[in-house]
Amino acid sequence: MPPHEAELLPGTLDLLILKAVSLGQLHGYGILVRIGQISGDALNIEQGALYPALYRLETKGFLAAEWGVSDNNRRAKFYSLTASGKKRLRVETAGWNRFASAMAEALEA
Amino acid sequence: MFNHNKQRREMADEFAHHIEMRAEELMRSGISPAEAQRRARAEFGSVANYQDQGRQARGQQLLDELWADLRYAVRTYKSSPGFAATAIGVLAIAIGANTALFSFFNEFMLKPLPILGAEKNFELRSMYLVRGSQERHTRRGWTRPEAAIIRAGTAGRFDDIYEWAENEEPMSAPVALTARVVYVSDNFLQVLGAPILMGRVADDATPTAVLGYESWQNTFYGDPAILGKRIRIRDREFVVTGVTGESFRGLNPWPSDLYIPLRFLQGADSEKLIRIGGHAPSAPPLDHLKQPLDALGKLEYLEIAAQPKTTHISMSFQTRMLAAPVFGAFFLVLIIACANLANLRLARSASRSREIAIRLSLGAPRWRVIRQLLTESVLLSVAAAALDLAFATWAIPAIHEFLFAIMSKVKMFVPPPALDWRVFGYTALLSLATGVMFGLAPALQSTRPDAVKVQRRRGTLVIVQTAASAVLLLLAAVFVADARRMSRADPGFTVDHVIALTDQTHPALETAIRNDPRFATVLRMTRIPLFGVEQLPAKIGDRAVALR
Chain A
1 MPPHEAELLP
11 GTLDLLILKA
21 VSLGQLHGYG
31 ILVRIGQISG
41 DALNIEQGAL
51 YPALYRLETK
61 GFLAAEWGVS
71 DNNRRAKFYS
81 LTASGKKRLR
91 VETAGWNRFA
101 SAMAEALEA
Chain B
1 MFNHNKQRRE
11 MADEFAHHIE
21 MRAEELMRSG
31 ISPAEAQRRA
41 RAEFGSVANY
51 QDQGRQARGQ
61 QLLDELWADL
71 RYAVRTYKSS
81 PGFAATAIGV
91 LAIAIGANTA
101 LFSFFNEFML
111 KPLPILGAEK
121 NFELRSMYLV
131 RGSQERHTRR
141 GWTRPEAAII
151 RAGTAGRFDD
161 IYEWAENEEP
171 MSAPVALTAR
181 VVYVSDNFLQ
191 VLGAPILMGR
201 VADDATPTAV
211 LGYESWQNTF
221 YGDPAILGKR
231 IRIRDREFVV
241 TGVTGESFRG
251 LNPWPSDLYI
261 PLRFLQGADS
271 EKLIRIGGHA
281 PSAPPLDHLK
291 QPLDALGKLE
301 YLEIAAQPKT
311 THISMSFQTR
321 MLAAPVFGAF
331 FLVLIIACAN
341 LANLRLARSA
351 SRSREIAIRL
361 SLGAPRWRVI
371 RQLLTESVLL
381 SVAAAALDLA
391 FATWAIPAIH
401 EFLFAIMSKV
411 KMFVPPPALD
421 WRVFGYTALL
431 SLATGVMFGL
441 APALQSTRPD
451 AVKVQRRRGT
461 LVIVQTAASA
471 VLLLLAAVFV
481 ADARRMSRAD
491 PGFTVDHVIA
501 LTDQTHPALE
511 TAIRNDPRFA
521 TVLRMTRIPL
531 FGVEQLPAKI
541 GDRAVALR
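Sequence lines, in order, name chains A and B.
Mapping of the first sequence onto my numbering: residues 1 to 109, in sequence order.
Mapping of the second sequence onto my numbering: residues 1 to 548, in sequence order.
Think of the hints as simulated: they come from the structure by calculation, not from any bench.
Here the structure is a predicted model, which means the values were calculated and not measured.
C-beta atoms are modelled at their ideal positions from N, C-alpha and C, and glycine is treated no differently.
Some clues are possibly wrong.
As the list claims (entries may be wrong) - Pairwise CB distance ranges (calculated):
1) B:424 - A:101: 55 to 61 angstroms
2) A:93 - B:31: 33 to 39 angstroms
3) B:31 - A:25: 27 to 33 angstroms
4) B:327 - A:66: 43 to 49 angstroms
5) A:86 - B:371: 56 to 62 angstroms
I would like the entire structure built from these sequences, with the hints used as guidance.
Here it is, written out as structure tokens:
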């Protein structure tokens, strides 16, 4: 594994998906590309692992999905953030920030 | 969960789209199409594995939500225990009545007979005309000459064929009582798989008897030295050669006292009909028996058939026609209870409209809120059903004991209906259906964006409830009126001056009556006219004096 790629902490994939989708409706592959862009390709996951996470978020009601047509004229499923998904993203982001700063402080002490 | 296949297809489509997009991107960076495809697949990982995880992500989610809904429902009812208790009580009565009915239905019409080879058991029946009349009769019994013809004509057509005849006979020694005797062909007990507790099966030639377990226990107090003892039936002695195991009841729901070889069956051919059963993989054709049976003279046979006898009461057209209205009436009781509770919930939904409106505005899908409300109503009906089953395990033996204690004179013992997986499954399904039935309308109603039509919906429910109650009342009235009319029906002869003595009567008593001048007429018949109209307990010497 190249040194700049980090293992994914549990739960962080969900947060990254919510963040990626909050910027606009996307299909599965689009979400992966978007996560790659916003994280500077710092994440190393098997691409298929994205989907169980997507379904989990969809059944929890944070994501809404509908079938549409993608750029290359193929049928694809597009995901967007629901109202409760937006709220979830806010709460999770705040929680993550608290956690990250606490960890940073602890490691510097 | 119902669109399992659709879900699987959609996942496959979605994954395929992903891999193709990735491959196209790789191709744009100058990789050959074949290599791009390969690499895209490798990067994606195992499709099957992720499909599995995807399904789990959904399934697990449903379970989690169900659990959350259940906890929420319990909390809601804790805050209004009065409503919960009333609802559970009403539902327990309605579901309990239906379950009780079903358990009888199960016992006699669904459960296989407790004999060996119940699934391939048949009984021979006939449809015939009495010569010179156009009236059709059906019958399950055969006279001795008929049985002989059938025995010869069915050789090799059944795996096993057996004969029996049941009769209540006067036993005079060692104790005097009426015994339920089954006269059996020599293979009867073996073919039906009767367990033999001790001794051996009676052999055909000598007057021997095998005791039923209950008879051995109750009449002979479980005498361990019973084998070889003598029993007197009518005026013949039988030697006890064996005792059947406790579980064996033959083809009846109740146990029999004695099994005696068929050749000791007394009485004229036409009176003592022999029944014939057999085991076969499928019903063998028996039309070839018509001609030799017709040749016997009196009857003209239209049909001779082996009918499946796998349960106590077979599911014929007639039994279904009889059972349907009974089930219908019990079901109406359930409908009334449901309409009642739906109405109650609609009235309560006003107090919960705020909570529901908040959940909906927070982005909960309507279906999700409906599911939560349905969980609440199903929780009530399942609690009611659980209460019923708990009550039944205690009440069935108690009621049964009480019934047979007050009916001890009938000396008939029918084992209590058992709660088995069929009853359990029926109750579970019924309670789920009930929960949905009374919960769906209020759930749909209270999650509507405009909750204005509540009044109208409640009106409809009241109408349903009133209509169902009216039908039930009418049924009850008809039933009572019929029973009254039956009790006053004119049997066509003077009932007051008739004494009926059944076959159990000791032969010496019959002779005494024939010689008694106080009796105007003495008749012998196989069946009392209008059997069951009214039977009075009578003793020679008191009421009989007032005869004539």
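The hints, checked one at a time:
1. B:424 - A:101: 55 to 61 angstroms: With Cβ atoms ~57 angstroms apart, the hint holds.
2. A:93 - B:31: 33 to 39 angstroms: 37 angstroms, holds
3. B:31 - A:25: 27 to 33 angstroms: 29 angstroms, holds
4. B:327 - A:66: 43 to 49 angstroms: This hint holds: roughly 46 angstroms between Cβ atoms.
5. A:86 - B:371: 56 to 62 angstroms: Violated: the Cβ-Cβ distance is about 23 angstroms, outside 56 to 62 angstroms.
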